[in-house]
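**Student:** Listed below are the residues making up each chain.
2 protein chains.
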Amino acid sequence: MMHSESRKVDTVELVKDYLKNPIFRDATLIQSEILKCIRKVLDEKGFVELLPVTVSPITDPLNHPHFETEFEYYGQKYSITKSMILHKQVAVLVHKKIYIVSPNVRLETEDKMESGRHLFDFVQIDMEMLNASREDVFEVMEDAIIYTIEKIKEKYPDIIKKYHPDLKTPKKPFKRYTVKELKEKYGDNYEKLASLNATEPFWMIDIPLLEREFYDKQDPNRPDVLLDFDLIYPEGFEEAISGGEREHEYEQILKRMKLKNTPFEQFEEYLKVAKEGLLEHSAGCGIGIERFTRWLLALDHVEKTRLFAKTPGKHSI
Amino acid sequence: MMHSESRKVDTVELVKDYLKNPIFRDATLIQSEILKCIRKVLDEKGFVELLPVTVSPITDPLNHPHFETEFEYYGQKYSITKSMILHKQVAVLVHKKIYIVSPNVRLETEDKMESGRHLFDFVQIDMEMLNASREDVFEVMEDAIIYTIEKIKEKYPDIIKKYHPDLKTPKKPFKRYTVKELKEKYGDNYEKLASLNATEPFWMIDIPLLEREFYDKQDPNRPDVLLDFDLIYPEGFEEAISGGEREHEYEQILKRMKLKNTPFEQFEEYLKVAKEGLLEHSAGCGIGIERFTRWLLALDHVEKTRLFAKTPGKHSI
Numbered sequence: 001m002m003h004s005e006s007r008k009v010d011t012v013e014l015v016k017d018y019l020k021n022p023i024f025r026d027a028t029l030i031q032s033e034i035l036k037c038i039r040k041v042l043d044e045k046g047f048v049e050l051l052p053v054t055v056s057p058i059t060d061p062l063n064h065p066h067f068e069t070e071f072e073y074y075g076q077k078y079s080i081t082k083s084m085i086l087h088k089q090v091a092v093l094v095h096k097k098i099y100i101v102s103p104n105v106r107l108e109t110e111d112k113m114e115s116g117r118h119l120f121d122f123v124q125i126d127m128e129m130l131n132a133s134r135e136d137v138f139e140v141m142e143d144a145i146i147y148t149i150e151k152i153k154e155k156y157p158d159i160i161k162k163y164h165p166d167l168k169t170p171k172k173p174f175k176r177y178t179v180k181e182l183k184e185k186y187g188d189n190y191e192k193l194a195s196l197n198a199t200e201p202f203w204m205i206d207i208p209l210l211e212r213e214f215y216d217k218q219d220p221n222r223p224d225v226l227l228d229f230d231l232i233y234p235e236g237f238e239e240a241i242s243g244g245e246r247e248h249e250y251e252q253i254l255k256r257m258k259l260k261n262t263p264f265e266q267f268e269e270y271l272k273v274a275k276e277g278l279l280e281h282s283a284g285c286g287i288g289i290e291r292f293t294r295w296l297l298a299l300d301h302v303e304k305t306r307l308f309a310k311t312p313g314k315h316s317i
Numbered sequence: 318m319m320h321s322e323s324r325k326v327d328t329v330e331l332v333k334d335y336l337k338n339p340i341f342r343d344a345t346l347i348q349s350e351i352l353k354c355i356r357k358v359l360d361e362k363g364f365v366e367l368l369p370v371t372v373s374p375i376t377d378p379l380n381h382p383h384f385e386t387e388f389e390y391y392g393q394k395y396s397i398t399k400s401m402i403l404h405k406q407v408a409v410l411v412h413k414k415i416y417i418v419s420p421n422v423r424l425e426t427e428d429k430m431e432s433g434r435h436l437f438d439f440v441q442i443d444m445e446m447l448n449a450s451r452e453d454v455f456e457v458m459e460d461a462i463i464y465t466i467e468k469i470k471e472k473y474p475d476i477i478k479k480y481h482p483d484l485k486t487p488k489k490p491f492k493r494y495t496v497k498e499l500k501e502k503y504g505d506n507y508e509k510l511a512s513l514n515a516t517e518p519f520w521m522i523d524i525p526l527l528e529r530e531f532y533d534k535q536d537p538n539r540p541d542v543l544l545d546f547d548l549i550y551p552e553g554f555e556e557a558i559s560g561g562e563r564e565h566e567y568e569q570i571l572k573r574m575k576l577k578n579t580p581f582e583q584f585e586e587y588l589k590v591a592k593e594g595l596l597e598h599s600a601g602c603g604i605g606i607e608r609f610t611r612w613l614l615a616l617d618h619v620e621k622t623r624l625f626a627k628t629p630g631k632h633s634i
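Top line first, the protein sequences correspond to chains A and B.
Quick note on the working numbering: the first sequence kicks off at 1 and runs consecutively.
Quick note on the working numbering: the second sequence kicks off at 318 and runs consecutively.
Read the hints as simulated data drawn from the structure, not as lab findings.
Misleading hints may appear alongside valid ones.
[What the hints assert, rightly or not] With a cut-off of at most 35 Å between alpha-carbon atoms, the simulated DSBU-like pairs for lysine-lysine come out as follows:
1) A:K161 / B:K353
2) B:K592 / A:K96
3) A:K97 / B:K362
4) B:K325 / A:K77
5) B:K429 / A:K77
6) B:K325 / A:K162
7) B:K502 / A:K96
[Unchecked claim] From the structure, some residues in chain B lie toward chain A, with a derived Cβ separation under 7 Å:
8) T328
9) V332
10) Y335
11) T371
12) I375
13) F388
14) Q393
15) H404
16) D438
17) E586
18) E620
19) L624
20) G630
For each residue, glycine too, the CB sits at the ideal point set by N, CA and C.
Could you put together the complete structure from these sequences and hints?
**Tutor:** See the structure below:
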């Protein structure tokens, strides 16, 4: 347990820093362009933007330790959204391709304070496609990332030159590596080491069955792996995107929940919808906006990419 | 207190309704266009889009009864954002014109269930301008509303014809009425009645001092009214926008907080920033996205404008 002094943030000094340190002005400009570019690519591909769900009885159970944000309202328990995954599976039944600029609150443990990669209140653009494979998602997101980098280098050359002069625009298709081959090459710390060794973003695929949550689809032909993926940034910046094809069949969802010891109660309403056979096959992902900004500007900590950043374990406004 | 049965929502029936009732498909299409159009107008006028603050120790105290969403994290108390008002006052010091697609959670009391206008998890586009007057805000928002309506009528004529065939594109400048003159004309229920009588949106200005929160600027020349405003939709659809010029001077903020019995503790960090003299004069507003959608489609309840709507007092997913 850390000493409580290390959590404190002097709000007046922070606001003064916003005013005198150009990093906040530069990063927020780049970030606004990231939002514009990703949305433009998705809009042009026929995606419909939906509004976020900020609180719900149903949210992502997550695969790592964290605190809960539960509150009660007229007899129902709500949490703040940790990811819109289960709502996206319903939303694609209304529009085949959807995205949401989705705020996520994940009360991470304080050991994440210095990771450089974690905020406990962050935004991802969450997208989902009906009857799509993970390759379809790769296609869309590669276009979005390439377009965004090209546009930002063109519109803000001075900012990129100042922070990340050797930023390369990646080429399609991005490389794919299975977790198995990365583990063989790099050992247990494979994600970090593979990221440090890479010069372009790459897809990390075939994540082992028990390393992700119940909603990512089990490969029917290779049941020890999932049809999911992360996109990993190069130069040690690690995870950019997380996504996958989804489980949509009731029995299979139940089986996967049991395997992960996921409590059924919280997902009761979701399970009813699945049992009724209403869900269909889909695939999608979420791209973290602060992390994308961090990589484009090669910043040491994601807390420098935005105003009012919420760093795990630290106080904030 | 209502019987608990009336709160229940059958999730399976709701999802089936999403699939068979075209209203959800139509409304979400219109809504995605609203987001695109407002952002486009703001982008073209030089506004910078910032990411939302979803949880904070500091948020809008609101001027009406509601429940709180407080939780504790490493010794600090947080609430879900009810509006980004106080963060916007800091953000305009970094970029002179800003906006945020901002999710707000306000746990309204159950008497709002049938108002047709309330959701307890909704989105507003929150904008703020440094050194601006409320007339500057009117100018920007009138352009945004007119452009959005023109674009939607052009792009989705069949949807508008089906739901709101007599939808008029309003003309600049929108009319302004003081609360005083509306009260004289319509009595206590002036907002509803003036809305029912109007055929175009109008600005309701000069709200009496005690009817709004401490952050809306008191008129130095007429201290019984504020330099704030609402935009009111015609045809009985009521409040569209709420905003104003802001208090930014420490002594004046303290005076206003005392007048409203606002507890100082929650705003300690904000008051420190004000005391240091860092805040400057600004003006801004927030436009509710679900309510704008409701008016454009003339729907009886805002819960039909989006997926996973959260109606006060009702259960939801």
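**Student:** Each hint should be assessed against the structure and marked as holding or not.
**Tutor:** Hints, verified against the model:
Simply put, K161 of chain A and K353 of chain B have alpha-carbon atoms about 31 Å apart, close enough for the 35 Å limit, and the pair holds. For the suggested pair K592 of chain B and K96 of chain A, the alpha carbons sit about 52 Å apart, so the restraint of at most 35 Å is broken. Between K97 of chain A and K362 of chain B the CA atoms are separated by roughly 30 Å; this keeps the pair inside 35 Å, and the hint holds. With a C-alpha separation of about 13 Å, the suggested pairing of K325 of chain B with K77 of chain A holds against the 35 Å cut-off.
Only pairs whose Cα atoms come within 35 Å are accepted, and K429 of chain B paired with K77 of chain A is accepted, the gap being roughly 20 Å. At roughly 56 Å between alpha-carbon atoms, K325 of chain B and K162 of chain A are farther apart than 35 Å, so this suggested pair is violated. Taking the CA atoms of K502 of chain B and K96 of chain A, the gap is near 50 Å; set against the 35 Å cutoff, the hint is violated. Satisfaction of the interface hint for T328 of chain B is found here, the shortest Cβ-Cβ separation to chain A being roughly 4 Å, below the 7 Å cut-off.
Evaluation of the V332 of chain B hint against chain A yields a held restraint, the C-beta minimum of about 5 Å falling below 7 Å. At its closest, the beta carbon of Y335 of chain B sits 5 Å from a beta carbon of chain A; the interface hint therefore holds under the 7 Å criterion. Taking 7 Å as the C-beta cut-off, the interface hint given for T371 of chain B holds, the closest approach to chain A being about 4 Å. For I375 of chain B, the interface hint holds, since its Cβ comes within 7 Å of a Cβ in chain A; the closest pair sits about 6 Å apart.
Annotation: F388 of chain B was flagged as interfacial toward chain A, and the flag holds, the nearest CB pair being 5 Å apart, inside 7 Å. Hint status for Q393 of chain B relative to chain A: holds, with the closest Cβ pair at about 5 Å, below 7 Å. Hint status for H404 of chain B relative to chain A: holds, with the closest Cβ pair at about 6 Å, below 7 Å. Checking D438 of chain B against chain A by beta carbon gives a least distance of about 5 Å; that is within 7 Å, so the hint holds.
Annotation: interface hint on E586 of chain B holds; nearest CB of chain A at approximately 4 Å, less than 7 Å. Contact between E620 of chain B and chain A, as hinted, is not supported at the beta carbon level, the nearest pair being about 12 Å apart and thus beyond 7 Å. With 7 Å as the threshold, the beta carbon of L624 of chain B comes within range of chain A, its nearest partner Cβ sitting at about 6 Å, so the hint holds. Given the 7 Å rule on beta carbons, the hint for G630 of chain B holds: about 6 Å separates it from the nearest Cβ of chain A.
Violated hints, listed in ascending order, are 2, 6, 7 and 18; each of the other numbered hints is respected by the structure.
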